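Below, each chain spelled out in residue letters.
Protein chains: 2
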Amino acid sequence: MGGGYRDAVTTLENFVLRGGKRVRPAFAWTGWIGAGGDPQGPDAGPVLRACSALELVQACALVHDDIIDASTTRRGFPTVHVQFEERHRAGSWSGESPHFGEAVAILLGDLALAWADDMIRESGIGPDAAARISPVWSAMRTEVLGGQFLDISNEARADESIDAAMRVNRYKTAAYTIERPLHLGAALAGAGENLVSAYRRFGTDIGIAFQLRDDLLGVFGDPAVTGKPSGDDLRAGKRTVLFALALQRADRDDPGAAAALRGSIGTDLSDADVDTLRETITSLGAVADVEKRIGELVDSALTTLAASTATPEAKQHLTDMAVAATRRNS
Amino acid sequence: MGGGYRDAVTTLENFVLRGGKRVRPAFAWTGWIGAGGDPQGPDAGPVLRACSALELVQACALVHDDIIDASTTRRGFPTVHVQFEERHRAGSWSGESPHFGEAVAILLGDLALAWADDMIRESGIGPDAAARISPVWSAMRTEVLGGQFLDISNEARADESIDAAMRVNRYKTAAYTIERPLHLGAALAGAGENLVSAYRRFGTDIGIAFQLRDDLLGVFGDPAVTGKPSGDDLRAGKRTVLFALALQRADRDDPGAAAALRGSIGTDLSDADVDTLRETITSLGAVADVEKRIGELVDSALTTLAASTATPEAKQHLTDMAVAATRRNS
Chain A
1 MGGGYRDAVT TLENFVLRGG KRVRPAFAWT GWIGAGGDPQ GPDAGPVLRA CSALELVQAC
61 ALVHDDIIDA STTRRGFPTV HVQFEERHRA GSWSGESPHF GEAVAILLGD LALAWADDMI
121 RESGIGPDAA ARISPVWSAM RTEVLGGQFL DISNEARADE SIDAAMRVNR YKTAAYTIER
181 PLHLGAALAG AGENLVSAYR RFGTDIGIAF QLRDDLLGVF GDPAVTGKPS GDDLRAGKRT
241 VLFALALQRA DRDDPGAAAA LRGSIGTDLS DADVDTLRET ITSLGAVADV EKRIGELVDS
301 ALTTLAASTA TPEAKQHLTD MAVAATRRNS
Chain B
1 MGGGYRDAVT TLENFVLRGG KRVRPAFAWT GWIGAGGDPQ GPDAGPVLRA CSALELVQAC
61 ALVHDDIIDA STTRRGFPTV HVQFEERHRA GSWSGESPHF GEAVAILLGD LALAWADDMI
121 RESGIGPDAA ARISPVWSAM RTEVLGGQFL DISNEARADE SIDAAMRVNR YKTAAYTIER
181 PLHLGAALAG AGENLVSAYR RFGTDIGIAF QLRDDLLGVF GDPAVTGKPS GDDLRAGKRT
241 VLFALALQRA DRDDPGAAAA LRGSIGTDLS DADVDTLRET ITSLGAVADV EKRIGELVDS
301 ALTTLAASTA TPEAKQHLTD MAVAATRRNS
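Heads up: the sequence lines are chains A and B, in that order. When you number the first sequence by full-length UniProt numbering, it's gap-free, plus one each residue, and the end is 330. When you number the second sequence by full-length UniProt numbering, it's gap-free, plus one each residue, and the end is 330.
With the rest of the complex left out, here is chain A (with noise of 0.2 Å):
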């Protein structure tokens, strides 16, 4: 097609390639292996293609995600909108640089989103497999983009219910990340019905424990760990479960707190603000209350997995990806 369309096509295949956790597809064909699937049979290579395409509709949640929250770096490289006004900048086009910039990446995103399904349609799985996975990915990505919605219409509302926030962590989080991914594995493999279901409850289960980690990780993580500046949700004013739980106990037992975290959340916060917020948090109990949270949903988790009919192999490496999940400093 010409005219910089491929330069463009390639920004988007080095970030789709150059990293990331790949947490999805590893979920997916972990869950398909669970279920029976053989990593040595003749529908491996058509099912990793299938999961792989969970990568795409990532990449997609990602580029428009930092359009979304104005981010300027992931993955340790400039995000795909500051690449394009990079280049807009410096060939001194015309127009906005920034204008620019969100424009290409609206795009980039919405071929990442297209190219998924086309992905999926040409994994070579079977007729009876596709049609198994489809409401599987139609639930997915219509999961997924609520999820976002929610996230920033919370924050735009200053929502700060301890449900508006786990809402936001069952849909955004848990169903895309965990859930559904071992769900399409399971579809994928023709699992019945107690499988599709203990899958399901450990996915939740696991997908909210994730992300109340990130939570804490996003108020108390070292930023040379986690990539991220020190406190970053608190100035971002993003609506945690775990700001929930501190507001709800700071309203209860301390009016004073509750006007803190009130009026310094979504602010440009110095890191001596970020200290006293911190502080603030912990000895309101919301910390722990959170650890707790994460060990009981860890506990759900692995209880229902045992009980499951999924492969012992299977229930190791999942044991071992939800721990790995849910413990982690990054």
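Accuracy of the hints is not assured; some may be wrong.
Unchecked claim - Going by beta-carbon spacing under 8 Å, a handful of chain A positions derived as facing chain B:
id	residue
1	L111
2	A114
3	E122
To be clear, the hints were calculated from the coordinates, so they are not data collected in a lab. In this text the structure is predicted, and so the values were computed from the model without any measurement. Ideal placement from N, C-alpha and C gives every residue a C-beta, glycine not left out.
Given chain A's structure and the hints, the job is docking chain B onto it.
Chain B alone, transformed into the frame defined by chain A:
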């Protein structure tokens, strides 16, 4: 999912159902009938659903294009991003209203694109038809996104070449609006290579002619009929074939006119400036040139169609549609 997602989706639903010419589904459906599809037969329902999915791709294209072009109205209503910007402002929510509007519109456009795929997959067409349309569907989405990319890229780089403008017409309009929809209809019906090839040549010619007519309307259209401000393309700095032809002729015949064209495109023109530019473009012969090209493309398309194996009824319909698409005044 709660949290206002349903309301947001209702905005998208209203956008899709409220209007539009349904050009793409109409060409796809007529293409299917012309290849032997029976509108009274059992395939008609599934085929109609598959053709209608094109309107969801178009919803994504328009919602995202309106962000990219910073357009405030579409189909007589505020654009989607403006609607959410206004909702944000009316609610005195936190953050910047324009940014919130764009963020929601990015997500709703993504949702429309995802649902377009869902609609194809759940249309009820058989696996053979699904396999036949798969490469057409893939190509169409990649082409239209490429065409949009080339469009903004040409504008940013102030590319003056007729070739660059023609490439945008080819991919952003012709392939996406007529060629691929007809191809899709033919593939749904299992048409042979000859008819597919005839449809594609017809579609490319009419699609380009359609866009050339649009170029003329963008400069000379009556605002009362087109619904767009007079001389809109000149103010917006659109790099159309019309403009490229005018520049080419000015460079050859009239350096003063060339300087005037280059100095005014993409600037904040008064109505009097627009009138002057119109006279310049006309007196350079660019309008006559574009009209001649439109006439030749329509002739070529109708000759191709007449010689094809499409059914007589479809030939009549496609001829009428071709004329309507290229002789309209809005």
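Outcome of the hint check:
Contact between L111 (chain A) and chain B, as hinted, is supported at the beta carbon level, the nearest pair being about 5 Å apart and thus within 8 Å. Proximity of A114 (chain A) to chain B holds as hinted, the smallest CB-CB distance being about 4 Å (cut-off 8 Å). Restraint check, E122 (chain A) versus chain B: the minimum CB separation of about 7 Å is within 8 Å; hint holds.
The earlier numbered hints are all upheld by this structure, with none contradicted.
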